[in-house]
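**Student:** This is what each chain is made of:
There are 4 protein chains.
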Amino acid sequence: MIQSVAFIGLGAMGYRMAAHLPQHFDTVYVWNRNFEKAKQHATEYGTQAVELEQAVQADIIFSCLPTSQEVEDLIATVQIKSGAVWVDCTSGVPESAKKLSQQLKASEVDFLDAPVSGQTIGAENGTLTVMIGGEAAAFEKALPAIQAFGKLIKHVGDSGAGFAVKAVNNMLLAVNLCSVAEGFTTLKAHGVNLHEALDCINASSGKSGVTETVLPQRVLNREFPLTFALPLLAKDTGIALDLVRDAKLSAPVIALTQSLIQAASNLAEKDSDFSSAVKMYESWSKITLE
Amino acid sequence: MIQSVAFIGLGAMGYRMAAHLPQHFDTVYVWNRNFEKAKQHATEYGTQAVELEQAVQADIIFSCLPTSQEVEDLIATVQIKSGAVWVDCTSGVPESAKKLSQQLKASEVDFLDAPVSGQTIGAENGTLTVMIGGEAAAFEKALPAIQAFGKLIKHVGDSGAGFAVKAVNNMLLAVNLCSVAEGFTTLKAHGVNLHEALDCINASSGKSGVTETVLPQRVLNREFPLTFALPLLAKDTGIALDLVRDAKLSAPVIALTQSLIQAASNLAEKDSDFSSAVKMYESWSKITLE
Amino acid sequence: MIQSVAFIGLGAMGYRMAAHLPQHFDTVYVWNRNFEKAKQHATEYGTQAVELEQAVQADIIFSCLPTSQEVEDLIATVQIKSGAVWVDCTSGVPESAKKLSQQLKASEVDFLDAPVSGQTIGAENGTLTVMIGGEAAAFEKALPAIQAFGKLIKHVGDSGAGFAVKAVNNMLLAVNLCSVAEGFTTLKAHGVNLHEALDCINASSGKSGVTETVLPQRVLNREFPLTFALPLLAKDTGIALDLVRDAKLSAPVIALTQSLIQAASNLAEKDSDFSSAVKMYESWSKITLE
Amino acid sequence: MIQSVAFIGLGAMGYRMAAHLPQHFDTVYVWNRNFEKAKQHATEYGTQAVELEQAVQADIIFSCLPTSQEVEDLIATVQIKSGAVWVDCTSGVPESAKKLSQQLKASEVDFLDAPVSGQTIGAENGTLTVMIGGEAAAFEKALPAIQAFGKLIKHVGDSGAGFAVKAVNNMLLAVNLCSVAEGFTTLKAHGVNLHEALDCINASSGKSGVTETVLPQRVLNREFPLTFALPLLAKDTGIALDLVRDAKLSAPVIALTQSLIQAASNLAEKDSDFSSAVKMYESWSKITLE
Chain L
4 MIQSVAFIGL GAMGYRMAAH LPQHFDTVYV WNRNFEKAKQ HATEYGTQAV
54 ELEQAVQADI IFSCLPTSQE VEDLIATVQI KSGAVWVDCT SGVPESAKKL
104 SQQLKASEVD FLDAPVSGQT IGAENGTLTV MIGGEAAAFE KALPAIQAFG
154 KLIKHVGDSG AGFAVKAVNN MLLAVNLCSV AEGFTTLKAH GVNLHEALDC
204 INASSGKSGV TETVLPQRVL NREFPLTFAL PLLAKDTGIA LDLVRDAKLS
254 APVIALTQSL IQAASNLAEK DSDFSSAVKM YESWSKITLE
Chain A
4 MIQSVAFIGL GAMGYRMAAH LPQHFDTVYV WNRNFEKAKQ HATEYGTQAV
54 ELEQAVQADI IFSCLPTSQE VEDLIATVQI KSGAVWVDCT SGVPESAKKL
104 SQQLKASEVD FLDAPVSGQT IGAENGTLTV MIGGEAAAFE KALPAIQAFG
154 KLIKHVGDSG AGFAVKAVNN MLLAVNLCSV AEGFTTLKAH GVNLHEALDC
204 INASSGKSGV TETVLPQRVL NREFPLTFAL PLLAKDTGIA LDLVRDAKLS
254 APVIALTQSL IQAASNLAEK DSDFSSAVKM YESWSKITLE
Chain F
4 MIQSVAFIGL GAMGYRMAAH LPQHFDTVYV WNRNFEKAKQ HATEYGTQAV
54 ELEQAVQADI IFSCLPTSQE VEDLIATVQI KSGAVWVDCT SGVPESAKKL
104 SQQLKASEVD FLDAPVSGQT IGAENGTLTV MIGGEAAAFE KALPAIQAFG
154 KLIKHVGDSG AGFAVKAVNN MLLAVNLCSV AEGFTTLKAH GVNLHEALDC
204 INASSGKSGV TETVLPQRVL NREFPLTFAL PLLAKDTGIA LDLVRDAKLS
254 APVIALTQSL IQAASNLAEK DSDFSSAVKM YESWSKITLE
Chain G
4 MIQSVAFIGL GAMGYRMAAH LPQHFDTVYV WNRNFEKAKQ HATEYGTQAV
54 ELEQAVQADI IFSCLPTSQE VEDLIATVQI KSGAVWVDCT SGVPESAKKL
104 SQQLKASEVD FLDAPVSGQT IGAENGTLTV MIGGEAAAFE KALPAIQAFG
154 KLIKHVGDSG AGFAVKAVNN MLLAVNLCSV AEGFTTLKAH GVNLHEALDC
204 INASSGKSGV TETVLPQRVL NREFPLTFAL PLLAKDTGIA LDLVRDAKLS
254 APVIALTQSL IQAASNLAEK DSDFSSAVKM YESWSKITLE
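Chains as they are written, first to last, in our numbering: chain L, 4 to 293; chain A, 4 to 293; chain F, 4 to 293; chain G, 4 to 293.
The hints are simulated quantities; they were obtained by calculation from the structure and are not laboratory data.
Values in this document were obtained by computation on a predicted structure and should not be read as measured data.
Do not take every clue at face value.
Copies of one chain are not kept apart here, so a pair can be met inside one copy or by any two copies together.
The calculated lysine to aspartate or glutamate pairs, modelled on DMTMM-like cross-linking and capped at a C-alpha distance of 20 Å, are [claimed, not checked]: (1) K251 to E272; (2) K289 to D249; (3) K154 to D202; (4) K191 to E138.
All chains should be modelled from the sequences, with the hints used to inform the complete structure.
**Tutor:** Have a look at this one:
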């Protein structure tokens, strides 16, 4: 059914995600603002580096850009093939998804918000989680292409729902980043062995992705490898808080965490990994989490 | 080496923990305020229901009571065997552990704070996590007895350190309970399918013990089974906040969460499970998490 | 210079504000959606109840509506006299002021955001505080008309600045409402005489508009007279938080207060005065502030 | 009736408070740890610098020390005259007042917790506000002496109530310090004229002691004069939070503010005035409040 697919945006995630497509489809277009990267991808994986105009003639068009703004700007400049499905893997804004979905309907193009999780390693192994908002028919149509890089693929609701789930996921990550930093500086202040404490908590009810992975692999070893920039996490917490506000709900922990991550981001050095948010707590307490 | 062990406090946890001891030790005393329960335990598991005075003549004495206050009150009334190790599995107060440890030294009794996690199922299977504070020699001495019901057993620091780790663990549980309630009422307000969203988050960086276990097994099924009372979680968040305050640290998310759990506890019906804290959010949002 | 003025929106504030204009100007148009009110105003104060089309032919046009949305909707339907100054006394959204200011420039109409404070009593006495954003020339032009009801009249910055100051003012009101409710339920729980305590605090560094006026005149007497609806305060705290977010700042107390006022508003009965926010705290603590 | 009075603790406040006593009483003892200061006070104001043992033989004994700890330590070392009233003007801990009150009853000494507000200028002019906890009879007995430096003198409740009111007052000051810093950095980020904005807010519902006095006299002029040290404000916010916790109440804004003031205090230079707490917000926002 799907004759051609395209991938737009070959960043750390997109580059690896697009690499799986040639195994499943004969025609795979790639495009990137810095076009050298597209050509390199073509050489490396047998994709075709093409002009943007051609890329948007594919049956299934993936995009993976920094924010929804870039997606909106890019879509505004192109004439997408009628009948295509645009699958946006950006960690974007639900309102933007609704707007683009509505707008593209006029050209008979479906828009799915389809953010992913699983980091670069998941992209490389094709084991990403993909949370998708939009119409069921479009979801069914695009599914075979999404399966090239996704393992757990879920249709979570109407347009915007995918972005909403991703934003809430990243907000929960942010909440745990803050609360674990608070808890572990406190334990260290009381002379507790952090590595032993971590083992206990990871076998108990307080465990989280942060205690299982972020703290041991990024913080306690003092590596803070840049794979997901702190300002992007700040952006995502803002998307989550906007969802709360739009629905006129009250979410005190989310609201506070958005403030704290924003402060940590404002204080951080350029190109800091999201895990560097703990450094704000370290400066408050004069305690190093190691 | 260990000739006799005792277990004081046969509540939901203690009853099951003590049941493993006869497999490893010939002399196992049990005692409970409601003494019928001790006699029932003796009948069921072959332990000996004895007076408190005799129980505290064991080499290793376990206690598992609601709060440190009960432990202090009980210890004040007895003459413990010199050379014994008292292993307190209560989710208690670090300051109290330090005080009791100091006080019992005069009678040549060691005190270990040794709270457990793993719930009644872990107690039943003998697979509890045990986080222990106190002197290394006492830890080594008591270890064979603790192994009867513990799987991951960690010496996390000096006196009070075990209680501190447990308090921080439960605080992290509380933080996740609040933030997940906030995030999921928000997702539902936006029409997202909560079960699909949960699957995605449990495969992503925002996952936690609450998303993996509490939400699906207690909240979304509307069961809220009483296994850990909400006022006890409120108490534990207070212990964690006291640790923050004692060290003159700043922990905004912990401080806010303590307030929220206290409010939820004040609003809850009697005998509410800790997971009922989400109902406060449900009343704010008129949204039911199901 | 000013030949004619108009006042659009004769609510509790606008009705009283417009009443001062005939003392200073010969031609005073008034308009209200429910037109009976305009006719009543004309009879009572000698203003002229006119069609909206005629009202917007005045030299200075005041508006005082519930939110910026109503102002935008209304302006979209009319052809305003070239050279006029539109003075919007709504407690509005800074972004909306910037947009309208820009948009009306094309018709050579100036737009000033000019929210007021001082409540109905200040409107009646013509002693309102007016905080104004927009171009200095427009401010100078409209000043004589604003002086009809304003006492302290300040040009606080460019377009949007007036709304911003009002939003921050109302946010500070909200913060004090919450913190005073928290502090006074706590004092009452400890048996303190609230009236004596209030006298002390009002002579000390912790005093605020809430301790001086709101608590004694609305809460402690249990009257909660509806003069400023709680959902409108919730809206204003949202405007303040949006300002924080737009500037990528971190304001934890503001963020938390927005959440709390939103929860209090969601929980409140219809037509609750803003001071009713304290009732959320009363339900948490089972303590009545009286 | 009162034959003799004593004043213990001649700091910035106490030195000025004690200066009023010789106008009303013939025998005025003063004592200070650094005794040179007592001698200087005697020379300057005609008081008698005496040994601590003699000071506590007065009918009314005032103390004004940094914290309740110093008061407890000092009282533990002396034999107070039977029938005396000890009036402690320290900003102290309610629990400590209850304990001392109980303890001194055995020696037939009354203890009043009587913290003051009004700063050094109020101490100098004898116009302090005094909020008093303890027995009514003791209050009546000490009143003539308290009137020497107090203007508004209130009996607010039983033992501890005076300290409680002071702690809540200072907490409200702290809340306003934080929220005003948040609000004004936000206004500045949006180009608003801070001085004009301040005038408007001080005529509106958002005003407070911080907007009326602290912001213009300490912050905007960048003077931050040290009259009340930031760590002491942090201590007082802690006393207020303890009151909340003891009563098992929920006070999210108070809890968060305690955390923020603690962080600001931890980050501040030595000998920083409480108003320096705004500098934490300035570092987060790269905005200076001037």
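**Student:** All hints are to be evaluated individually against the structure, with a verdict given for each.
**Tutor:** Results for each hint:
{"no.": "1", "hint": "K251 to E272", "result": "between (35 Å within a copy, 16 Å between copies)"}
{"no.": "2", "hint": "K289 to D249", "result": "between (38 Å within a copy, 15 Å between copies)"}
{"no.": "3", "hint": "K154 to D202", "result": "between (29 Å within a copy, 12 Å between copies)"}
{"no.": "4", "hint": "K191 to E138", "result": "between (50 Å within a copy, 18 Å between copies)"}
Checked against the numbered hints given earlier, this structure breaks none of them.
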